[in-house]
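Colleague: Protein chains in written order, with our numbering: chain A, 370 to 701; chain B, 370 to 701; chain C, 370 to 701; chain D, 370 to 701; chain E, 370 to 701; chain F, 370 to 701.
Quick caveat, the hints were computed from the structure, so don't treat them as lab data.
The structure presented is a predicted model; accordingly, all values stated were derived computationally and were not measured.
Just so it is clear, CB atoms sit at the ideal spot from N, CA and C, and this is done for glycine as well.
Where hints are given, some of them may not hold.
Computed footprint of chain B on chain C; a stretch qualifies when at least three of its residues, placed anywhere within it, have a C-beta under 8 Å from a C-beta of chain B [to be verified]:
#1 604-615
#2 622-636
A few chain F residues that face chain A, going by a derived Cβ cut-off under 10 Å, partial list only [what the hints assert, rightly or not]:
#3 Arg-414
#4 Ile-518
#5 Asp-614
#6 Ala-639
#7 Pro-644
#8 Glu-645
#9 Pro-649
Far from chain B, by Cβ distances over 12 Å, these chain D residues were calculated [stated by the list, open to error]:
#10 Asp-557
#11 Thr-619
#12 Arg-642
There are 6 protein chains.
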Amino acid sequence: MPATMPIAALSDMLPGQEADMFLLMSSKEQLTTREGKPYYRVGFRDGGREVVFPIWDNSPWAAECRDKWTPGAFYKIRAVYRETNYGPQIDIRKIREVCDADTADGFDPTLCLPQSRYNPQRMFEEMLAIVRERITDAALRALVEKILIDNRDELLRIPAARHNHHAFAAGWLEHTLSVTRTVIYLADKYAEYYDELEPPLDKSMAVAGAILHDIGKLRELEQRPDGTVYTASGALIGHLLQGRDIVRETAAICPLPPDTLLRLEHLIIAHQRLPEWGSPKPPMTPEALLVHYADDIDAKFHMMAEILRNDTGEGPVTSKKNALAQQIYKGE
Amino acid sequence: MPATMPIAALSDMLPGQEADMFLLMSSKEQLTTREGKPYYRVGFRDGGREVVFPIWDNSPWAAECRDKWTPGAFYKIRAVYRETNYGPQIDIRKIREVCDADTADGFDPTLCLPQSRYNPQRMFEEMLAIVRERITDAALRALVEKILIDNRDELLRIPAARHNHHAFAAGWLEHTLSVTRTVIYLADKYAEYYDELEPPLDKSMAVAGAILHDIGKLRELEQRPDGTVYTASGALIGHLLQGRDIVRETAAICPLPPDTLLRLEHLIIAHQRLPEWGSPKPPMTPEALLVHYADDIDAKFHMMAEILRNDTGEGPVTSKKNALAQQIYKGE
Amino acid sequence: MPATMPIAALSDMLPGQEADMFLLMSSKEQLTTREGKPYYRVGFRDGGREVVFPIWDNSPWAAECRDKWTPGAFYKIRAVYRETNYGPQIDIRKIREVCDADTADGFDPTLCLPQSRYNPQRMFEEMLAIVRERITDAALRALVEKILIDNRDELLRIPAARHNHHAFAAGWLEHTLSVTRTVIYLADKYAEYYDELEPPLDKSMAVAGAILHDIGKLRELEQRPDGTVYTASGALIGHLLQGRDIVRETAAICPLPPDTLLRLEHLIIAHQRLPEWGSPKPPMTPEALLVHYADDIDAKFHMMAEILRNDTGEGPVTSKKNALAQQIYKGE
Amino acid sequence: MPATMPIAALSDMLPGQEADMFLLMSSKEQLTTREGKPYYRVGFRDGGREVVFPIWDNSPWAAECRDKWTPGAFYKIRAVYRETNYGPQIDIRKIREVCDADTADGFDPTLCLPQSRYNPQRMFEEMLAIVRERITDAALRALVEKILIDNRDELLRIPAARHNHHAFAAGWLEHTLSVTRTVIYLADKYAEYYDELEPPLDKSMAVAGAILHDIGKLRELEQRPDGTVYTASGALIGHLLQGRDIVRETAAICPLPPDTLLRLEHLIIAHQRLPEWGSPKPPMTPEALLVHYADDIDAKFHMMAEILRNDTGEGPVTSKKNALAQQIYKGE
Amino acid sequence: MPATMPIAALSDMLPGQEADMFLLMSSKEQLTTREGKPYYRVGFRDGGREVVFPIWDNSPWAAECRDKWTPGAFYKIRAVYRETNYGPQIDIRKIREVCDADTADGFDPTLCLPQSRYNPQRMFEEMLAIVRERITDAALRALVEKILIDNRDELLRIPAARHNHHAFAAGWLEHTLSVTRTVIYLADKYAEYYDELEPPLDKSMAVAGAILHDIGKLRELEQRPDGTVYTASGALIGHLLQGRDIVRETAAICPLPPDTLLRLEHLIIAHQRLPEWGSPKPPMTPEALLVHYADDIDAKFHMMAEILRNDTGEGPVTSKKNALAQQIYKGE
Amino acid sequence: MPATMPIAALSDMLPGQEADMFLLMSSKEQLTTREGKPYYRVGFRDGGREVVFPIWDNSPWAAECRDKWTPGAFYKIRAVYRETNYGPQIDIRKIREVCDADTADGFDPTLCLPQSRYNPQRMFEEMLAIVRERITDAALRALVEKILIDNRDELLRIPAARHNHHAFAAGWLEHTLSVTRTVIYLADKYAEYYDELEPPLDKSMAVAGAILHDIGKLRELEQRPDGTVYTASGALIGHLLQGRDIVRETAAICPLPPDTLLRLEHLIIAHQRLPEWGSPKPPMTPEALLVHYADDIDAKFHMMAEILRNDTGEGPVTSKKNALAQQIYKGE
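Hey, can you work out the whole structure from these sequences and the hints?
Modeller: Take a look at the structure:
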């Protein structure tokens, strides 16, 4: 690709525009035309847009597509962007796998994955601000802050889950920040309502728990170019117990009073509430109850919004085949 | 009771003070002493305090207690208040059942029942203010306002449930107001997050649904001096369907667009989510999902706070025999 | 189609006979021959017979089939009927979509759908006769009669369900009439056995409940040429509650004593018995219990008969993949 | 008891009448009066009436009651019958345990147990008549007839179950006859409706199955004066398998075609339908399905009638603590 | 196949070797090449090896393959064995269906089915030795021995189940022998631990039960060349009850004391423990409990080993789509 | 207690013998005689025997019993031992609470609790011998040995559970040793059967897992004189996770290869198998599967033996109210 050509994001391209792009090959299927001729349907994507289009038998790329292109690999592609009746597509002019030198030109594999709509750095800063402002218990604040800062780079990237909800880069941050805000609302409210609770509702604990409830995802999941997979320890132990491990390990450095540590550990392993969702204990403290609900509503609302966004069927309701396993009303 | 004596609330009495009080007889049990002698243990209460004490065989009230005093009846009692090792008690000087004339002196049977800690009138006013401010859809606002105002007197009194949570006078108001505030928080938040939803999240609907989700309690429950009971239609039909009836009947006068009415009806019957909790359909709209969660967290938090308040056992956790059917952590 | 040709029902055709027919296109699939050539397999049907046959690549109808024929549309077809090793087929001579004028020639789309084997009008008359003879409570009789007569046209057509049982035109009538007869048998029997019941078993109520138990299907389902679909209100509210609505609305005109109305409403919402089948309450009256069982046995027997009729597998039992999710014995 | 005195049934006595009676002692409890004095409350019964009354400390029967009277034993009692505010009672004049000679005077222990309201002999004759008329398959008829006649004496006495329904003498006959009649109704009806079934619905099989579905109770239960108990084999094997054994053993003498025998065996073990109710297989034939439903409705209706008859609580519905584990509506 | 050629087992062939073999055609699928040309993929197997390879359109066997070769049929095949990148394959030189005369040359259809890795005769002898040594109760020993010897030929062949575990020839023997050994271990151990049990743990019963727990498979399953199928009685009655029948029928000849017979019958029907697994009763004796567990662990361990052996996916864990419906860890 | 008197164990006393004993007061109930007089029924026990007897109103110990004796406290008692119709009893001559000095005379509170029938020291030695012989993986052996030796004193005393099984001193040792022996049997057997497993079945892992599966009981339970209670961390976290913690903490000193550590951690948290029994993951390795089953059979067999030992009811089966929630057969 000798000629200089501006490097653009696929998601920024306008119809007719030609540019160089760094793209992830997201899919490659062998199909047969109505006339019985084989062809390929291939997909390429970056963080904000995906194009899917055929490579016909007589395409100049046919042989290369069949023999070399690999889903999950990254390519530098010069192409013209088009919007057709079959959706957005590209006409490939040049294509090669990315090489080390491309990093200097801005290639970053995570930019090719689906992204949170919010800026990760800004979400991270907001989360740190919440820690400093709302966790008034100094020992707890130190522990949470240390965990966040020690894992900053990864937390800017990891998704909240593999499939069900917030399954995109920085999904952990987006989901956790939302849960934390809801917990702040609920903790303020119920601390005031039930001011006779003894010990009183511990807002520091509730906020720390909201931030750390899914921290075990750091060890449960591993991000690869072609998707998120479970680590061996994630599959055999699970993020609830792994999140508690992170807290215990950090508490060896930033010590907490025993009862505080116990309540925080409990909150993390109990936040899924039901045994069949993986929690060995139900929420047994007011703070654990609040985090469970704030987490559940955020995940379920996200799923419902996704189902409504992706539904393409007819009729006033969606099908039942979705993450919530029920029909959703689309309106008439 | 000829001599004038100030009329006081039991819950305001100080040790040693003598006064006239209007009290509900809340319990009467026949027991036997260690020596084999029968006696009675009786309870009297007003909205804020309950006293339980023995009437021994040789008490001047023994015969009257055995033959006449009836749990569930109201009495005018002149007595001295005491605080003993066995809890608060009274020494009865005079006692008679209340009569019509006592109303003039301030007797109100509902003041003898357990009460919300918040002022019902003020909660009702706040709820009306929310209706006027947050339900921006005029038709929906008119309908909600009419239902509230038409049933004002009852809504100031009814509990939220018979046993499980907010089972006291004005419990419906306390619970519903809390649910409504949470729904406002969540609806504002998710309307902003998921601004691409089509149709957009309907905040008017969410708030109207929060206020009306339990409106069927008006027909399901009946308050009697000795407790809340199910009506025949409450037992055979249930408050979810009865709440929908109230909406449909009111909509005959304050009409709603068909899709708005349908979504509101659905929200009410779906707010318990699970079939085994009585909902024939799960929440199929974003607004119904929010109301379900706001309701569930408010009920469960109330239960947990009650369990912690009432527990008298030893050890760091409560027993499992409570409304949540699980142990709760009390701290060490 | 200029030449006059007798119009015949497909289900009446004899092998070799040629006639004009009004048919529904019931299916169209694109397939590939063993040699890799694409072709279509199409289906046409009327109320009593279905033919399925290939349109080969070299058929005169190949282009029209590919480009124009639409499943769910109605066609006037001149064809010769044949019975082959592959089942009944037709040789198409002429084909066009039906037009308004065809109504005059007897075209009725519902005649093309699967039908009850019983005459709808006669079933309806029998149901009315039962109402007049067996509902001796005058108010109840008036209400049931009004609902039947007001909805006569639709009730002659609607199926009992979308898939599971009696999923054909007039299926509601066939199923409901059968349930009603069983309830008459059971109510006569148990009223005699348990003559000490207080209040006595109400035979009028049992019969009225049998007739109205599924009346909500009027609002839950909508029949279209290509099948039965749920209405929006059917999906969000469901036929149990919608059936109760019909009763309540009619009772505003044909009033019932309150306890009679309550028992009838309860019977309708309770007739599925289990929460997971959509009933918010279980049957709490003897009449509701009888209607539940008469309904359940009729639906389950229909399913078992259908499974046995449709099974084409080998071996002494059917597969488990059927409406009852279990094996059925076919005999050896 | 030298003096001649007419022997009467307790259930036929009039207030003030004195007579000799053969009674079962049905209960004996030691209690304490309000004053701390111990006394006994004893019950005696025959098949139609039960009396419960105190034996005070100063009664002439006090010592004998305390030391000798035994619940479950039978007594010849001379007494005066009274009806009091506390229910029917007797004044005992003479009392002794029954002896062998009493049989000659008409003592029959089973007459002291609760009885079916129908005459056992007549029910048995009716059942035989049904066998002869409705089981047209000669081999099947011979087998059923043999089983009934071989076990005539026991079948006239055994209950249908230990607790849940028809738990009284001849309860098996009453329940089985009712199930059989319902099966005849349903089999006639569905054989006509579904005349295309292949093989056709076998009415002989359905009726034989109805009569024999609970025949294993002969081996599962054992009647003792103080109640019905499970035999060891009843507890370890259960009446479904034991009923099938009776059929297999009888078929060794009255042979059936293999497929007929197999279907009958299956019907018996499948008639409870659900694994958790003890059926290792669900009903897999139309005849088994009919018998299951006819049995279920008869048992459930009996339970509901019993619950309504025995309820003494207040309010429009019964409590949930009953054989159906749900509230039943009593009316207002 | 005139020329003499050594007859060999496919599982003994070396690459490049040519021989005559008796093979079962285990599969035949019609597929299409990338270029749209149809071809067949066929499988042949004997007891120890399976080859799967394509028959291309231009193969000399193409027509015969398409028109005559039938999965489930047995063939005498002369072929050269090869090991390729696509796994083991054969080049067919001659092929014909087996005929009666082939039996003389050693053809035995069961040798073509998957086999236990252990020698059936030797396993059977070992089982008999266990009977003679470990069942010290003479009556029980006689009964077990008779059942084994009467059914020797079949027991050498039948699988333990159709699909889930030990689904190969002599699988019953392999599984039953393993269960019996574990029961011997457990019975010895717990008889010593709990020597105060009254009656003492009956080791003869435990061993007899282990050997006979699945004896009903003799009647439940039928082996055919193309796989194992359920008999009609297997589908309608099931092997638990059928195994008990075999015991009862044999006990008519080799009588057992009633309590011994009852405990053995119970053990057989209870060995699956859960109603949803087909047991109408849970294990109610110590011997039944031991056999249940020894059976369960053997079946589950076999499943897990099979899943690990057959898994071909990536990542540290298998998929959930297997007989245990859960992920299994493969290591990293 | 000035006079010298030999100190004896209650469980060694002979009828008529007098001695001094150290006993735990195990129960104290206030009851009323038939004549209405109050008395106490008290229990005292040591590790091998319990006596329960009345303290009548006129006993010299009556006042002291009422006012001072406390269940859960330990006493030095001089008494005569008797065996009566009401079971073993003692006549108290002298009684005082134990004091520090009594330790010198051999007082050890744990000797008063129910004990394993096996000698704890010997069981512990046997367990160490197994570790040294059967855990051939040196790193794993070092870790297991360290955990055992570090916790020797406690492991000699703790029960296996609070109620369900092996709920007595050294119950952990008795149960764990039994599980370990069964695992050795099963691991030897299946390693030989399934020698193709890759990686092979790890016997060291299986034995280590058997020994450590319940090691978390060290932190979950706390033994007190009046019974075993849950610690706060036991209630909020649970012994599965706490056992894994012990392993992880020890592995920081005695390191394991990562995959070995992961498999051991997994085995511990998965050994209960079902989420509702507290395991967040099911057994996903062969070793974990074996330990689960060996544990389950040992616990269930113990429960069944206890139920049989403690049953005092009539009839051939026990009641259902026991730890297994089912009837057990006692024989006839």
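Colleague: The structure should be examined with respect to each hint, and the outcome stated for every one.
Modeller: These are the hints, each one checked on the structure:
Figure legend: the region 604-615 of chain C, annotated as covered by chain B; annotation consistent (8 residues with Cβ-Cβ distances under 8 Å, at least 3 required). Counting residues of the region 622-636 of chain C whose beta-carbon sits less than 8 Å from any beta-carbon of chain B gives 5, enough to reach three: the coverage restraint holds. For Arg-414 of chain F, the interface hint is violated, the least distance from its beta-carbon to any beta-carbon of chain A being 34 Å, above 10 Å. Taken as an interface hint, Ile-518 of chain F does not check out: its beta carbon lies about 24 Å from the nearest beta carbon of chain A, beyond 10 Å.
At a threshold of 10 Å, the smallest CB-CB gap from Asp-614 of chain F to chain A is about 8 Å, leaving the interface hint in force. For Ala-639 of chain F, the interface hint holds, the least distance from its beta-carbon to any beta-carbon of chain A being 8 Å, beneath 10 Å. With its C-beta approaching chain A no nearer than about 4 Å, Pro-644 of chain F sits inside the 10 Å limit, and its interface hint holds. Residue-level restraint check for Glu-645 of chain F holds (minimum Cβ-Cβ distance to chain A is 5 Å; threshold 10 Å).
Among the interface hints, the one on Pro-649 of chain F holds; its C-beta lies about 5 Å from the nearest C-beta in chain A, closer than the 10 Å criterion. The non-interface label for Asp-557 of chain D is consistent with chain B: the shortest C-beta to C-beta separation is roughly 35 Å, beyond 12 Å. Residue-level check passed: Thr-619 of chain D sits 45 Å from the nearest beta carbon of chain B, beyond 12 Å. Look at Arg-642 of chain D: its CB is around 21 Å from the nearest CB on chain B, clear of 12 Å, so calling it non-interface holds up.
Against the hints set out earlier in the document, violations occur for numbers 3 and 4.
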